[in-house]
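J.: Once you've looked at the hints, dock chain X against the given chain A.
2 protein chains.
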Amino acid sequence: MKIQVVESVLKANDAVAHENRRRLDRAGVRCINIMSAPGSGKTTLLEKTIPALLPDIRCAVLVGDLQTTRDAERIGKLDIPVVQINTGRGCHLDATQVTSGIAALDLRGIGFLFIENVGNMVCPAGFDLGEHARAALLSVPEGDDKVAKYPTLFQPADIILLTKVDLIGVLEYCMDRVREDLSHVNTRAPLIEFSSKTGQGMEQWLSWLRSQKR
Amino acid sequence: MKIQVVESVLKANDAVAHENRRRLDRAGVRCINIMSAPGSGKTTLLEKTIPALLPDIRCAVLVGDLQTTRDAERIGKLDIPVVQINTGRGCHLDATQVTSGIAALDLRGIGFLFIENVGNMVCPAGFDLGEHARAALLSVPEGDDKVAKYPTLFQPADIILLTKVDLIGVLEYCMDRVREDLSHVNTRAPLIEFSSKTGQGMEQWLSWLRSQKR
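Top line first, the protein sequences correspond to chains A and X.
Sequential numbering from 69 applies to the first sequence in our numbering.
Sequential numbering from 69 applies to the second sequence in our numbering.
Excised from the complex, chain A in its bound form (with noise of 0.2 Å):
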């Protein structure tokens, strides 16, 4: 019985999703959903990247979080259009609110809409927002068993994002146990080493970018 409520939400999430999907692509709006656990970097992310994108392409990005607009502020300063979804109690996006977010945007000249989903390992994964690609992040402080325990959120991922790489000679981090935890989860997504500090793995991020925008 709560497993077939569970079916019907996730059927109506995922048929909104597709009306998310067809919208973005008559707009010419390619978009990616990054999801990781709190405090990954996905906002310091996406301070770096827009700005490395432009001039010649705009980005516009949809915020996730329970509480507070402080990554919306962070990100509109970049001077681009942002929507900040708060969810209450809500532990993930649902393609609901990614409409109504997508609403409130001029996708006008936009090339890329960028997703931040709630800081949350488990939870978002389950849900199609109507992106195009998924880019799941891990940072080196988090330990190096994530893969192995938070498989679903990597198993889906189109690209994945090691963080703060900067900190592997601070702390004890195995990269080896990672790349066997991620061949038996996803063999299909590159692995990007990746640090805002160092500017480490910035061009590989954005080239893989660049080969989405159709």
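What the hints contain is simulated information worked out from the structure, not anything from laboratory work.
These numbers were taken from a predicted model, which means no experiment stands behind them.
Where hints are given, some of them may not hold.
Identical copies go unnamed one by one, so any copy, or any two together, can satisfy a pair.
[To be verified] Below are the DMTMM-like pairs computed for lysine to aspartate or glutamate, each with C-alpha atoms no more than 25 Å apart in a straight line: (1) Lys145 - Asp213; (2) Lys281 - Glu115; (3) Lys265 - Asp234; (4) Lys145 - Glu240; (5) Lys145 - Asp244; (6) Lys116 - Asp174; (7) Lys265 - Glu115; (8) Lys281 - Asp244; (9) Lys145 - Asp249; (10) Lys265 - Asp174.
T.: Below, chain X without anything else, positioned relative to chain A:
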């Protein structure tokens, strides 16, 4: 309609949690539910805490994870009773899972039962498991904005541990911001600045634990 389903699930959970607590009370076991984002240091905290409480207080642990038994294996090395609860795609532990976990434990002589919840700053906070107290962890590398962004985790916490404070020198981190945010969310719970590397905060944490024992 959807909200009614959620409410009935939560009510059923609360009834089971109440029974768990009664059972633990009869056995003289105090139960601490430990919650945080992935990689904040829950397992490491237990690895340090449990030997420090011995020999006068014996502990047992229930470990919640989507998959793998890695955390249970780490804690099992301490030669104490440990039960791993794998939730599959489940984003939190619920009271019924804890009932099963308790049933698999011999509670005789146990002073503390620690529950290491699934790494998630959102969903676990909504589910009473039958614990006597809640410990919420946030780690320095996650950034100083997490209390404001995930208030539902910190509001019901009985104690809050800021972990990995040895990294404050390496990262930009504003303790005043954390204290200011906590002043709006929870002024009841002690805040302990903790480092499993340097031992900072360990005595304060152990004192708090001992104060919870009846």
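J.: Can you list which hints this structure breaks, lowest number first?
T.: 8, 10
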